[in-house]
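**Student:** Residue numbers (the working numbering), protein chains in the order written: chain A, 29 to 128; chain B, 18 to 485.
Everything labelled a hint here was simulated from the structure, so no lab data went into it. Glycine included, every Cβ here is placed at the ideal spot set by N, Cα and C.
Think about it this way: if two alpha-carbon atoms lie no more than 25 Å apart in a straight line, the pair counts; the simulated BS3-like pairs of lysine-lysine are:
hint : chain 1 : residue 1 : chain 2 : residue 2
1    : B       : K482      : B       : K471
2    : B       : K276      : A       : K54
3    : A       : K54       : B       : K43
Some chain B residues flagged as far from chain A (calculated, every beta-carbon gap over 12 Å):
hint : residue
4    : G168
5    : R180
6    : V186
7    : V187
8    : V188
9    : A189
10   : T199
11   : T208
12   : N284
13   : D312
14   : S327
15   : H419
16   : K471
17   : E480
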Amino acid sequence: MSAAEVLTVLTIFVLAVFTGFEVISKVPVVLHTPLMSGTNAIHGIVVVGGIVVLAHAEGPWLVGLGFVGVVFGAANLVGGLVVTDRMLGMFKKKPKDAPK
Amino acid sequence: MSPAVLDLVQRILFLVSIVTIIVGLKRLSSPATARSGNALAGWGLAIAVLATFVTGVPQNLGLIVLGLVVGSGLGWWGARVVQMTDMPQMVALLNGLGGGAAAAVSVAEFIAWRSGPGAGGPVHIVSILAGTVIGAVSFAGSLLAFAKLQGIGERAVILPGGRLLQAAVVVAALVTGGLAATSGGLPVFVTFVVLALALGVLMVVPIGGADMPVVISILNSCTGLAAAAAGLVLDNHALLVSGTLVGASGTLLTRLMCKAMNRSLANVLFGALGAAPAAGTAAAGAGPPKRPVRDVSVEDAAVLLANVQSVIIVPGYGLAVAQAQHVVRELADLLARRGVEVKYAIHPVAGRMPGHMNVLLAEANVPYSQLFDLEQINGDFERTDVALVIGANDVVNPAARHDKASPIYGMPILDADKARHVVLMKRSLNPGFAGIDNELYYDPKTTMLFGDAKQVLGRLVEELKSEA
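Produce the complete structure using the sequences and hints provided.
**Tutor:** In structure tokens form, the structure reads like this:
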């Protein structure tokens with residue numbers, strides 16, 4: 029990576045950090061558990077990394093590692109989304125009689 | 018289309034994916050839009066996965082599809098069958114898988130990098146090592162957290178010289194990491210991976226009970242960062258941005274949780290290793306002479322509850338562990354039918370994770386209008402006949418208000434002690450996770466109901482039914 033490329037990546041990183049803080053800064057306690065589980069699902073995007081590794085893999089070690097990456101990442105992604113949806117589904121009857 | 022165009026299309030799709038995920042996350046943090054936010058984030062993630070295939074049919078396509086099907090199937094199945102009370106360990110397990118995936122990707126990239134050390138410059142190899150170490154820590158730590166929450170070794174284990182050992186492992190990992198980066202040697206890299214796994218274990222071993230969610234939240238942001246590091250290595254912006262988002266929001270969430278418990282992050286992570294809780298254990302141990310407590314039979318408690326005007330139920334960790342949320346609901350309904358006004362007081366850190374109690378009570382179909390949080394209900398306790406405390410301890414300990422020496426001093430608590438009677442349901446007189454005695458037990462207006470929350474509540478329900 030050239031110095032300019034490193035700086036571009038660093039810029040993206042810093043902006044993403046601020047976005048991450050900003051986006052959830054006002055979350056009520058009720059949503060802490062679902063939010064933890066929801067962000068948990070989002071880092072399942074690492075499955076994309078597993079796919080890229082497998083797509084270029086030569087030899088049993090790289091194929092094995094890539095496969096592990098895809099299976100684990102996909103389980104993380106789908107499991108996280110479904111669990112979060114189940115939790116949030118339980119709150120759905122709320123709107124009219126909410127205390128706030 | 019030419020490869021250059023396809024590459025461009027892929028990058029645009031990744032951008033679309035990033036925006037979708039950010040908007041999803043934003044909606045996820047507000048009650049009215051949370052569920053649609055989760056779905057939106059799911060679409061964003063799906064776009065990112067599909068975009069990976071835009072640049073052409075990859076090698077090992079069969080394996081990729083097989084991996085996606087197997088992984089998604091397992092994740093979907095696990096998430097469908099898990100009990101709501103077991104949610105914390107489910108999140109820990111899924112997080113461990115994510116960490117393992119990030120570590121596997123980084124290890125694979127190291128092996129690829131070895132064939133030409135120096136390729137990609139220093140940022141490349143540093144990202145590979147960072148992804149490996151953070152991913153491995155998250156993997157090992159999360160799996161241990163899962164095992165602990167599942168009941169395999171629930172206690173916090175305090176290793177002699179644990180902090181020293183941790184420091185030694187960190188130093189050794191830095192050294193082997195440096196050697197791996199300069200030499201590209203495989204044995205030294207494998208040592209580095211093993212050290213990282215050991216670090217994850219050492220981080221979680223001394224932590225137990227109610228501190229576990231904080232650790233899971235930390236490990237959650239770790240996995241995010243490991244994914245971001247993998248994104249750097251693979252020059253994939255969707256991975257970089259999403260991983261960083263999780264890393265940042267996870268860190269903020271961890272801070273919010275610590276604040277609700279009035280604990281510093283350092284205290285959670287290192288408290289059990291150092292001498293910090295010594296004062297607490299001394300107070301709980303041989304310190305003060307045991308004062309008498311009044312215990313009450315289930316029959317008497319039933320009579321008391323049936324003949325008052327108002328009851329506030331304070332559910333805690335013990336209720337979650339005993340999975341007693343449904344029978345609490347039953348009890349509350351019986352009381353309500355007798356004209357007793359029933360409310361629930363939810364402490365921000367009640368349950369096994371912050372907000373977990375709301376999920377559990379919602380699962381038991383407790384009307385949302387009966388749930389009150391700390392600020393809303395604290396004024397009501399003095400006008401209430403009975404505070405029924407179920408498996409909660411530190412969150413109703415009055416010492417948090419006035420005892421400056423107490424480790425939980427300053428933590429916001431529910432003022433259960435201000436009610437006319439306090440009925441405290443508890444397994445034993447053992448102190449809660451903070452290891453401190455609770456003066457509420459010895460309050461003259463407190464009566465204790467010993468036993469497993471679910472069993473005792475079940476007997477209370479029977480008693481009330483037979484009386485009617």
